[in-house]
Amino acid sequence: MGLACCAIEMMTVTSSEYDIARLGSEVFRSSPRQADLMIVSGRVAWKMAPVVKRLYDQMADPKWVISMGACASSGGIFDNYAIVQGIDTIVPVDVYVPGCPPTPDGLLYAVNLIQQQIREGGRGGILARS
Amino acid sequence: MPSTQTPPLAGTAIDPPSLRPPIDDAVIERVEPSALRERLSALKAEGYTMLLDLGAVDYPERTPRFDVVYHLLKMPARAASVSEVGKPARTRLLCAVDGANPRLPSVMDLWSSADWAEREVFDLFGIIFEGHRDLRRIQLPYDWEGHPLRKDYPTRGAARERSPRPAFANKMNVQAGTPPSGRTLEALQEQIKRAREADSK
Amino acid sequence: MSMSTQPLTPEIVSQEGNAMVLSMGPQHPSTHGVLQIMLEIEGESVVKAEPEIGYLHTGIEKTAESLFWSQAQTVIERMDYLAPSSNALCYALAVEKLLGVTDRIPERAQIVRVLLMELTRIASHCVWLGTHGIDLGAISVFFYCFDLRENVLDMQEATGGARMHPNYVRVGGLNGDLPDGYANRLDAFIEKFPGRMRELRGLLQANPIFQDRTIDVGILPIEEALKWNVTGPSLRGSGIAYDVRKAFPYCGYETYDFDVPTRTEGDAYARFLVRLDEMEQSHRIIRQARERLEKPGSVLLDDPKIVAPPKETIALSMEALIHHFKIVSEGFRVPPGDVYQSVESPRGELGYYIVSNGENRPYRVRTRPPSMYNLQALKGIAPGNLIADLVVMIGSLDPVFGEVDR
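Chains as they are written, first to last, in our numbering: chain A, 1 to 130; chain B, 131 to 331; chain C, 332 to 737.
Keep in mind that the hints were calculated from the coordinates and are not lab data.
All figures in this text were calculated on a predicted structure; none of them were measured in a lab.
There's no promise every hint is true.
Said to hold, decoys possible - Going by beta-carbon spacing under 10 Å, a handful of chain A positions derived as facing chain C:
id : residue
1  : 2
2  : 9
3  : 12
4  : 14
5  : 47
6  : 51
7  : 81
8  : 100
9  : 103
C-beta: ideal position from N, C-alpha, C; glycine also.
This is chain A alone, in the form it adopts within the complex (with noise of 0.2 Å):
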């Protein structure tokens, strides 16, 4: 779910200088319908939150989410009438990756936890510092 300025970063994490394919997560589907994991990269507007909700409720079971950035996670440096804090209070959090806007690095070592986080079956907040 690219947003802002951490959808940028999210699309620099595809591209050839970190390379999010050589880790099996290249494809990114348009659909709900298909996906697995909900990557939500920038500040969510209250406008935005029950698309962002109706999305969620949307993808299949079992699915994942990363909230990348830190409007993402907490409203970060906007607290203020239009911004949600934090979308951990509309969708279930796995992984939270600070940083404004993180680097591609920090969303790279997050899908590593999200794939650690399915193999060993725990799931939960997991702070994803890099």
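Fit chains B and C to the given chain A structure using the hints.
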């Protein structure tokens, strides 16, 4: 050159454009709401083909509360090279609108770009533009209550004022000239007085 | 019915014919951000397109009113997130005008500001070209463009500490001189750029599929462009050579030698060529700025009431300590007044109308967002085209939703 340490105007922002000579290259003009459309049509006929921007400012301590600012640019319609464009003239038109019932005529028919700009001013300030074909909220959800960019709307939103941040973390507390911890001379004297009264009891 | 669904007004739903109302967005694969377009379509062709914005409304203008002048720059930089230095530069120039110190900004700071502005322009156009290519199916272009962008981001990280929002251009100059080794990186970039530019042109410019999809698509005639207040490469693709750097020069742009590419066709292909030519002109300016960087100098305004003195002097001088303390805890104050300052961002004329009432915080920061006005033109040029053409048109107008919604 004005000093940066001149004391602030006691928090009043009467009419900043009139406080000093213009510092940018625009011709500044003030106009009444009743004469607004006429003046803008005249400017458009003079060659001001582009309405660069339409914004508003809220001065709650002043009687015509809002100022709606129109930025115009005199762009020639045929200007295929930089020398033909030259240095286009800029104009800034300020229109003071009453706070109790803010209404202004819409200029959508003169410049189509005013469409979304007027919707945004309505959304964030509550100024109604008469004659607009579709005046509804543009930036905020359709059922939002309140107009956020007014000065009496809290920055963190009405719902979150119930859980305020601690006073030291809120930069709004720091007025220019006041120590952030509140330890002014008056506060200290007040404290001494209270301590003496407590002692003498 | 969720909160954000557009209430179908009678204008949008037409009762006759085969028209269907389709909501394209706010989440769709065309990676331009959160835009919802309410389309009235007959088959594949668009009868009416009504973009709905506001899905990224961040309240930046309201937040800036509660932060100090130098802190407000952090939120303002996040508006146009593809070209952060242009937001920072426009804001810094506006505040410097209000302070009355525009003539006292050192020359080296102006040179580096021009350098950063042009580097940012190249980086932003790289993202535009990469995403435009992906929308049309040309995925290789994306990788070439983002690789070029990495060089610019490396340089931004060296100056400001962050890849995307370096916060390096400040009110009063810059945040410190350029680091060691920056000149080498810049030289390497200047060397690499022409070869990479040839490759990018070779990938798309003469490609018959690309030409089929962009020539004569999304034609923006001059009258429409002026009516919808379009600026930037979209206006220059239609025939008017308006560039703020030439018309209202700032930061010494009048001393640099560069052209303003203009085309007359007004279609998506013309805007594509204009932006590619602009990247080459930026390269030209960067080369000139690089030569001027040889001369050392200070990069900060010499006014202790506005710019904190260097940290080393705090141990030696009482006044330096006091100034530092006041600036950090209270911020500097800006004399009351209002100003409109504009710069040429990669999207068009970015302008700030800033009102100060004498305190240490901005009273009002109104942005003139080029992307919002460029995007409004979609209402005028979309009818009659196919939905696939709509994707091409949005890409060629290059909106950034951080700026549109603020």
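Going down the list of hints, with the structure as the test:
no., hint, result
1, 2, "6 Å, holds"
2, 9, "7 Å, holds"
3, 12, "6 Å, holds"
4, 14, "8 Å, holds"
5, 47, "5 Å, holds"
6, 51, "6 Å, holds"
7, 81, "6 Å, holds"
8, 100, "7 Å, holds"
9, 103, "6 Å, holds"
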